[in-house]
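Visitor: Top line first, the protein sequences correspond to chains X and C. Per this note's numbering, the first sequence runs over residues 1 to 232. Per this note's numbering, the second sequence runs over residues 1001 to 1106.
Rather than coming from a laboratory, the hints here were simulated on the basis of the structure. Computed from a prediction, not measured in an experiment: that's the story for all the values here. Every residue gets a Cβ at the ideal spot worked out from N, C-alpha and C, and that includes glycine. Keep in mind that a hint or two might mislead.
Rough simulated footprint, nothing fancy, chain C against chain X, three-plus residues with beta-carbon under 8 Å [as the list claims (entries may be wrong)]:
no. : region
1   : 19-32
2   : 101-115
3   : 119-128
4   : 174-188
5   : 212-220
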Amino acid sequence: MAGPHEVLGMSRVLGIGTTEFLALYTDNGGTTLRSEADGPCVFLTASGCRVHPRRPLVCRLYPLGRMTDETGVERFGVFPAQPDCEAEAGHEGTVSSFLESQGVAPYLEWSRRYGELYRRMMGLLDRLDIQGKVDAGEGGGAAEAAPAGPGSAGSGQEPDRASHRAPDREPISSWQDIDASLAEYCAAEGSTPPREIDEAIALHLRAIEEWLDGLELQLGEVPNNPEGAREP
Amino acid sequence: MGKQEDPKTVSRRDILKLAGTAAAFCTSFGFLHGSQVGGIVQDKHLQMKWAQAEIKWYKGSELLYSAPFPVKVLKHLQSNETATVEIKLFRAGQLLRNLGTIEAKH
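The task is simple: from the sequences and hints, build the whole structure.
Guide: Pasting the structure below:
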C-alpha cells in the first residue's frame, strides 16, 4: 500500500516527481508498490531498501500490523516471519518503543488526516442521491471516468499524463499525484508549490478539503470545513 | 400541481472523481467504511511460493506431461504455512497408494 504522502516522500528520495513515480513504481491504480516478478518489493536491493529514509508506514511497522476500529481503539498484531527476511527480530522492548524507533508518528498522523477526508468522501457519497443529484446533462460514461483536475469542483482539466500507461498503472484519482495536484492548485492560487515534503502534504490535505467543501456547497450543504471553503 | 424546486446537482465527473478518490484512499490506506469487514491478512510470500506450482510426469528423464495445481488446491496451500495436501493414486475408484504429502511451508 502507498498513500499519496508516502509516494511523495519516496519520489523525493529517488529525485523524481510523483507523476513519474506513480507510473514507474506502482500498480493497482497507483495504490500499491510494484513487486518484482519473483515477489520482492521493487525497491529491495542487495544492499537494502532504495527508499529507506522515506519508506512507507507498512514497512516501518513490519513485523507489526496495525488496526483501528471505528472508535479509534488501536490494536497491533505480528506477521509471521518471512523466511527470506534478514531482519533480526527480538522479543524485548514494547510496541511503543518499537514505533518510536521506526519514526512512525508523522505517518500515523497523516494517515489519520487522510482518514478524516476519506470519511467525508464516503459521507458525501452516502448522502448523494445518484439518480437525482447527478447532473446528467454534463455527459457521462467511461470518458468521464478520467479524473478531473484537482481543486476546482467539476471545472478542472486533467494534466496531460503519459497516455501510454496501462490502465492499472494510471492513478485511480488525480489526487494521488501530489506534484500534479499542487501544481494545478498553486497555479490557480498564483502561488508556488512548496518544496518541503511536510508543507506539500499539508497543502495537499487542504486542497482536498477545499474540493470537498466545494462539493458540499454545490449540494446546498454547509461545508464541513467552512473556514477553508471556496466558491465552486 | 406546483413546479418542484430543482434539486441541487453535482456533476457526474465529480461523482466519479469522488468515488475514485475514496476507492484509492480505501486501498492505499486500508480504510474500511460502515459495516465493511477487513479480510484476513494474506501471506504474500506463501502466495508467490506456490503461484506456479506444477505436477510433472516423467518417463525416465523425459517429461511426458505437466499440469498446474488446481486452483482449489493452490488456494489451500497458499492460505497458511501449516496447510497440507495429500496426493493419492486411484484406479477404478480404488486407492492404490498414497504418493505423499505436500506441506505449504516447504
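Visitor: Each hint: holds or not?
Guide: Evaluation of the provided hints:
| no. | hint | result |
| --- | --- | --- |
| 1 | 19-32 | holds (count 5) |
| 2 | 101-115 | holds (count 3) |
| 3 | 119-128 | holds (count 6) |
| 4 | 174-188 | holds (count 3) |
| 5 | 212-220 | holds (count 4) |
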